[in-house]
Amino acid sequence: MKIILPFPPLEKGGKGGFERYFKMKKVLFISLCFCLISFGCQKKEAVIKIGIAGPMTGDQAKMGSDFKNGVSIAVEEWNNRGGVLGKKIEIVISDDQHDPKQAVSVANKMVNDGVVGVIGHFNSSCSIPASDVYNRAGIPMISPGSHQSTTTEKGYKGVFRVCGRDDQQGKIAADFVITNLKFKQVAIIHDKTTYGQGLADEFKKSINGQIKVVYYGGIVQGDKDFKMVLTTIKGEKPELIFFGGIYPEAGLLVKQAKELGLTAKFMSGDGTIDPKFIEIAGSNTAEGAYLTFSPDPKNIPSAKEFIEKYQLKYGELGPYSIYAYDAMNILLTTIKDANTTDGKTVIDKLHTMEFTGALGKISFDAKGDVTESPYVVWITKGGKFVEYWRP
Amino acid sequence: MFLQQLLNGLTLGSVYALIALGYTMVYGILELINFAHGEIYMVGAYLGIIFLGFFTAIGLTSYSLTLALFLTVLLSIIFCSSYGFTIEKIAYKPLRNAPRLSPLISAIGVSIFLQNYVMLTQGATDKVFPPLFENSAFEFLSVRITSIQLFIILTAGVLMILLRFFVRKTRMGKAMQAVAQDKTMASLVGININTIISITFIIGSGLAAVAGLMVAIYYGLVNYSIGYIAGIKAFTAAVLGGIGSIRGAMFGGIILGLVESLGAGYISSEYKDAYAFIILVIILLVKPEGLFGRGV
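So the protein lines, in turn, are chains A and B. In the numbering used here, each residue carries its 1-based index in the first sequence increased by 2. In the numbering used here, each residue carries its 1-based index in the second sequence increased by 946.
Some hints could be false.
[Unchecked claim] Have a look at the derived ranges for each label pair, beta carbon to beta carbon:
1) B:1216 x A:180: 20 to 30 Å
2) B:1013 x A:304: 51 to 61 Å
3) A:155 x B:1227: 33 to 43 Å
4) A:107 x B:1216: 26 to 36 Å
5) A:285 x B:1010: 34 to 44 Å
6) B:1002 x A:393: 36 to 46 Å
7) A:314 x B:1141: 53 to 63 Å
[Claimed, not checked] With a Cα cut of at most 30 Å, we get these calculated BS3-like pairs of lysine-lysine:
8) A:194 x B:1233
9) A:386 x B:1120
10) B:1129 x A:257
11) B:1115 x A:278
12) B:1073 x A:64
[What the hints assert, rightly or not] Counterexamples of contact, computed for chain B against chain A with all Cβ distances above 12 Å:
13) 954
14) 1000
15) 1025
16) 1076
17) 1092
18) 1094
19) 1104
20) 1123
21) 1197
22) 1220
Hint data in this document are derived by calculation from the structure and do not stem from the laboratory. Quantities reported herein were computed from a predicted structural model and do not represent experimental measurements. Don't be surprised by glycine CBs; every beta carbon is placed ideally from N, CA and C.
Construct the complete structure from the given sequences, taking the supplied hints into account.
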């Protein structure tokens, strides 16, 4: 019998024994990996996997974690009741860093992981490219926060959202400025993103002819100095500045407008509803800013239970937590009613179902949008956001 | 409105100039573009928040705001200077005789490291700087100047004058000029090159710390990625003025600030960042050594 040495003896010249030894080891290692993978495949899934995709890191990480927390509560409730179709629910959390390229890549990864549906993505710019992937895989996606009108306009049956559409939001804002504030001159700024510009454009379209737009222009997201554009706006004397964008820029705009002595009112969309907006602007400065948003969950009786649970576990409720919670509940209820996780059946069922959740009644139209426009106007008052006007 | 835009530009330009000084001084002496310099500025902004938060917690801010601010500035300078000093010792000194590309790559490495270090320790979200005082503004010739803007412009001006005095008049400053001209010759006349290089990094980082702190107070918002774009802008300013020239960095910074504010104000704010680089391209085409640079 031969004795196998841990290292074969060195040969003279040519390739060293070490090298060959390691090559052998590499082959062994790779084949071992294959074994492990095939073992993994053989194991039958005892869980139902559902994907969660949003900006979990980066400058919008807070939105991502609000959203994840909302979903986690729903999943926990279902799992405590024994899961769905007799299986436990497992969430696969993916970070798209609000980058469209990353969104497509995590979408592919989740599909390969065998998710039966996805709650997400959060940003419209991510939902739109990722929806191609889910459509090809034939699984449903329900976004809690993609407001961009075109998200559901691609003709994909499996794309849904529980939030409203930008064009509804821009219309409500225009309606408010025309009928309630009765202003004659406005300036419009956007942050050049799909969300921001979409909102600003819709607002502009809806006030067309009735209110004069004295300034329309973009700023760069992530920039900190907006005094230049505000100085130009000040010269045009608008009564209101409408901003399509999210809270860090909105906060700085309001703050710097005050420093320049601009007296125009400020109005923005739901991306600005965040306590950080007031913190950045300063609570005195932010006072009286108008924001379009969905009705206050605290005023919805059916949301009470969820809010209490959330606050107990994670602290202050994020603006989209409750949407994420309902989106997850809608998906799981539909899977339960359909009695299958088959994508096509679930998608068909989602179009016809009527769901009553924390937000109240939700049903989807043929495009996957919610049938009732959910927007109202809010105002900042005493360092808090309060509901102000309903159309 | 034109004057207001000038003021906006001047404020922004003063900050660029302060950062650009760090680039230009290091380049003058080592012929190295210290890409980690923008991150020092970012660290300075964070240190400002941390120290002021600490002083507020122990009640010093309510006792005397001036004292708290002064201590914050001082501590931020000390910390950032030690960052600059350490970075030089760890990342650049071992590579001093290596090909010129090696320290450049090392600088980029330090920059990435510092960004991620701050992101991991301080979190990825925006940090809000506590509003310290009611930002009083006064009108002068229909221009609104806030006290913070005035503070920024004055501080930057004073620091630049001090720096010029230091380089021109003191022994150490003269030694610095000598090293910039010829390292070998300077060491032959008894100048300790290592000390001079360390001092250059310490001063440059100190100025960046002040710039970071002022920006944090001015905008009230800080995140880990602010160093990148500020660094690139300041680098542009340094090249614009002629890299290696201290006077050039000051003027380059202020010109850049003015160009940005007038461009954003009168042309379009959407391309605010582009104006700086358009000017850079023009200057490089017309006068490649920069406005105040020595011809090559």
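Results of checking the hints against the structure:
no.: 1; hint: B:1216 x A:180: 20 to 30 Å; verdict: holds, 27 Å
no.: 2; hint: B:1013 x A:304: 51 to 61 Å; verdict: holds, 54 Å
no.: 3; hint: A:155 x B:1227: 33 to 43 Å; verdict: holds, 40 Å
no.: 4; hint: A:107 x B:1216: 26 to 36 Å; verdict: holds, 29 Å
no.: 5; hint: A:285 x B:1010: 34 to 44 Å; verdict: violated, 25 Å
no.: 6; hint: B:1002 x A:393: 36 to 46 Å; verdict: holds, 44 Å
no.: 7; hint: A:314 x B:1141: 53 to 63 Å; verdict: holds, 60 Å
no.: 8; hint: A:194 x B:1233; verdict: violated, 35 Å
no.: 9; hint: A:386 x B:1120; verdict: violated, 58 Å
no.: 10; hint: B:1129 x A:257; verdict: violated, 49 Å
no.: 11; hint: B:1115 x A:278; verdict: violated, 48 Å
no.: 12; hint: B:1073 x A:64; verdict: holds, 12 Å
no.: 13; hint: 954; verdict: violated, 4 Å
no.: 14; hint: 1000; verdict: holds, 19 Å
no.: 15; hint: 1025; verdict: holds, 22 Å
no.: 16; hint: 1076; verdict: violated, 9 Å
no.: 17; hint: 1092; verdict: violated, 5 Å
no.: 18; hint: 1094; verdict: violated, 8 Å
no.: 19; hint: 1104; verdict: holds, 22 Å
no.: 20; hint: 1123; verdict: holds, 35 Å
no.: 21; hint: 1197; verdict: holds, 20 Å
no.: 22; hint: 1220; verdict: violated, 10 Å
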